[in-house]
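Peer 1: Listed in order, the protein sequences are those of chains A and B.
First residue of the first sequence: 1, per my numbering; consecutive thereafter.
First residue of the second sequence: 1, per my numbering; consecutive thereafter.
Hints were generated in silico from the structure; no laboratory data involved.
Hints may contain errors.
[Unchecked claim] Pulled a few chain B residues facing chain A out of the computed Cβ check, cut under 7 angstroms: (1) Q26; (2) T29; (3) T30; (4) L33; (5) R196; (6) R204; (7) L207; (8) Y208; (9) L209; (10) F210; (11) S249; (12) R251.
[As the list claims (entries may be wrong)] For each label pair, taking beta carbons as the anchor points, the in silico distance ranges come out as: (13) A:D279 - B:Q171: 51 to 61 angstroms; (14) B:R184 - A:E33: 19 to 29 angstroms; (15) A:E6 - B:T179: 32 to 42 angstroms; (16) B:R143 - A:R182: 53 to 63 angstroms; (17) B:K233 - A:L337: 49 to 59 angstroms.
By construction, the Cβ of each residue, glycine as well, lies at the ideal position given by its N, Cα and C atoms.
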Amino acid sequence: MIAGLERFVVELRRAGLSASPAEWIDAVRAVDEVGVGDRERFRVALRCALAKRVAQQRLFDEAFARFFSTPGRGGVERGRRATAGAGGAPRGPAPVDAPRALPRLDRSGPSDRRPRSEMPRLQPDLQALVARLLDGVPRRVGRLRHIVVEPRHPSSREGRMEHVRAAPGPPGDPRRRDLRGRLASEDEREIAAEVPRLVERIRLRSARRTRRSLRGTLYLRRVFRENVSRGGVPFVLPRRRRRSRRSRVVLLVDVSWSTARAAGLFLLLAHEFLRRARDTRTLFFVDRAVDGTTRMASWLRREAASGSGPARERGDRGPGSGIVRGGVSFSRLIGGLPGLVLDAPSDYGRAFDGLLRSTSRPSGRDTLLLVLGDGRTNRFDPQDWAFEEIASRCGAVLWLVPESIARWGTGDSALGAYLPHADVAVEATDLEGLARGVGELIRRL
Amino acid sequence: MSAPGSFSPEAIEAAFREHGFVATGQVATTLFLAERLAKPLLLEGPPGVGKTEIGKLWAACHDAELVRLQCYEGLDEAKALYEWSYGKQMLYAQLLREKTAALVADAPDLAAAMRRLRGQADEFFSRDFLLPRPLLAAITATRPVVLLVDEVDRADEEFEAFLLEVLSDSQVSIPELGTIRAARPPRVILTSNDSRELSDALRRRCLYLFVDYPDFDEELRIVESRVPQIERKLREHLVRFTQTLRRSSLRKRPGIAETIDWALALVAIGAEGLSEPALRRTLGALLKNREDLERVLQDLPRLRS
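If we strip away everything but chain A, and leave its shape as in the complex, we get (with noise of 0.2 angstroms):
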């Protein structure tokens, strides 16, 4: 029994879910506790010593019934009938000293199961970039500095590109959810329906940090000059306190057909934040950049007024159509901007320039300058001396990519361009994804 379930923890580890031997144990010693004879208590016995994390146990769940399915009755579909059932589910597992063979977890999505050849390959610089980075080789490359990329198992972060791939994670965790997926509206209402719940998360984060910093570091020299002049009863330690220092904040936002619904996400979840700067600019941009800044304040003033609900509208089905405030969903607020023709093709060279030359680009010390895209320009000049010059005007530049790591770089994308003129880039796949970045922004405010 033992060495079945020892090939079924080595796929489990090759899938993505470590478990250290220490658990492994723990699993032998939950097995022979409740024994072989009953599927449903096999299978919870293995998951609670195995599987730490909601997103854990599905992929456990999907591996167990794949594992573990009744001799002849192999697959996925059949062996989840199998631990479902109450009734009429089989007692026992099947065998553990013949388990069936497990397929690798798809945890990226289809494109990973082509040829390595065909996978897409990123632009030589930006691809030794992202290599450095994740390598953790304490250099910068131009201003760029960090890459905030989303957790993986560890065997994937060779510093090779091709094992650099996308977690989309378990289907039913809509935090988790890739949102350049099809999404129909009532799924974009579930990803936005779990904003509240993060914002609180950040939230507190934040303020832990916030009261950290209030504390201020230790000020050495003040220690011993108030201590000694006192005979060190009661012993103080003075802190030297931050200046405070408000930042001024543009976010420049691709609203693409591509990257609205994250855009529209990432928006919801960083409004909150951006109380605390002194001033946000909100510039949406396709192939010009249009300011939003008075549309985006009215429309998340509705929300107060009249709660979240379903589009009034009908037949608004684009990007951003499930995420609504107050009757109005982001794609409506987005589609209604003069100037900005969302069917354009996306010109980031045009955008920058255009911002450049405009009186309100953003400019500053104290200026950040957030950008939420995935640089694909259509194969346009991507112009990135106007961005390097842009960004140069000020304190701080993130960039937020709505893109898997694998694809940076890949076809019409500019990123190896921009990325070294930005401070951070934030891999932002999903909504933890855009979390990642939005602690990001409050770091810098």
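For chain A, the structure is supplied; the task is to place chain B on it using the hints.
Peer 2: What follows is chain B alone, placed relative to chain A:
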């Protein structure tokens, strides 16, 4: 239930049922394993699904004392483990002043007086002056104890790291007294609302159970067991209504406790069905947020259908 022969998941289910709690097979099996493997159990899930209740009932089932440590931001060792009773130390120092003076009376100089007092000072840092907080109380208890570390996700990460020693070895270290090891390791249950990610180290030391909202049939059984006076049809309607609300985008989704409160409220006003006036009068028991209330009241016709 604690007799080895009768201890089984079925026995746990039955014991919980006696206390009016419908435990699923999954909950019962995990509790059974936590007991047999002598491992802490981490219960994670949304608020209001009965995680804390499981801890309380686990203590009741074992006829054990429940020691509860409610976690919050800023919780530290002094509030969770022990404190020196400063007032008591001062009082004793005052009372023993003459004795202390006699001890050092014939000392030729300050250094000699200090040497004499050195051994005596330790008396003020003995167990007599120790104020045990929940963790130490659970470890030093002579009776069976269930230690409930509630909402551990609210505590700081530093405190989480501090808990590791308690969870893995059932011991705590006090600098003045050394390491105190539990003669009878307490049963430990931790709960988390998943408001922040707990560390891998903590998870590794525990068995894990995610307690989710119950499905329709399960919630029906729970309401039946907790509010037996409610009519079957009304019970079904209210559970269906609650389940629909949980699927919608509310700021605070109703938990099981809220469903039970609502059922009690409906019984209290003598409601026979989910009529609009009855809903308007009692919905405050189910929804605890003004925006949610307004939204649901607006959507009432759709939700009732």
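Peer 1: For every hint, state whether the structure bears it out.
Peer 2: Hint-by-hint comparison with the structure:
no., hint, verdict
1, Q26, "holds (5 angstroms)"
2, T29, "holds (4 angstroms)"
3, T30, "holds (5 angstroms)"
4, L33, "holds (5 angstroms)"
5, R196, "holds (6 angstroms)"
6, R204, "holds (6 angstroms)"
7, L207, "holds (4 angstroms)"
8, Y208, "holds (4 angstroms)"
9, L209, "holds (6 angstroms)"
10, F210, "holds (5 angstroms)"
11, S249, "holds (3 angstroms)"
12, R251, "holds (5 angstroms)"
13, A:D279 - B:Q171: 51 to 61 angstroms, "holds (54 angstroms)"
14, B:R184 - A:E33: 19 to 29 angstroms, "holds (21 angstroms)"
15, A:E6 - B:T179: 32 to 42 angstroms, "holds (36 angstroms)"
16, B:R143 - A:R182: 53 to 63 angstroms, "holds (59 angstroms)"
17, B:K233 - A:L337: 49 to 59 angstroms, "holds (51 angstroms)"
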